[in-house]
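Trainee: Sequence:
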Amino acid sequence: MSQQQDRDENFYKRADALINLANEHINAEETRPALANDSLLYASARFSTWIAAASFKSSEEFREDKANIVEFFANQYKEMIEEHFKDYAENYDTYMGAAKEK
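In this text, residue positions in the sequence shown follow the numbering used here: the first is 39, and each later residue adds one.
No wet-lab data here; the hints were simulated from the structure. Don't be surprised by glycine CBs; every beta carbon is placed ideally from N, CA and C.
Distance ranges between label pairs, derived from CB positions:
1. E128 to I57: 17 to 27 Å
2. I119 to D44: 11 to 21 Å
3. I64 to G135: 11 to 21 Å
4. N48 to N106: 26 to 36 Å
5. T132 to D46: 26 to 36 Å
6. I64 to Y115: 20 to 30 Å
All chains should be built: construct the whole structure from the sequences, respecting the hints.
Mentor: Here it is, written out as structure tokens:
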């Protein structure tokens with residue numbers, strides 16, 4: 039697990055669909071955003087582990103590469119959150135203004 043995947047033309051559509059699903063849970067079930075976020079993180083971790091496991095021929099090989107797998111996905115998340123943090127910091131009033139008016 040050492041290479042970054044290229045983003046295809048549907049990358050943002052899939053991400054937006056998952057965000058919309060989380061928002062539906064927040065709106066329909068009156069779930070706190072932090073709880074929806076926890077569910078998204080858990081689902082991502084479980085799915086990422088499945089993706090990693092599927093790329094190995096045996097449990098032994100999979101176990102041996104655990105540190106690399108965890109580091110790979112942790113770095114991916116860090117890069118993505120840094121990207122969004124920068125965007126939100128630069129556009130805070132635009133993005134958060136509407137949320138605070140509700």
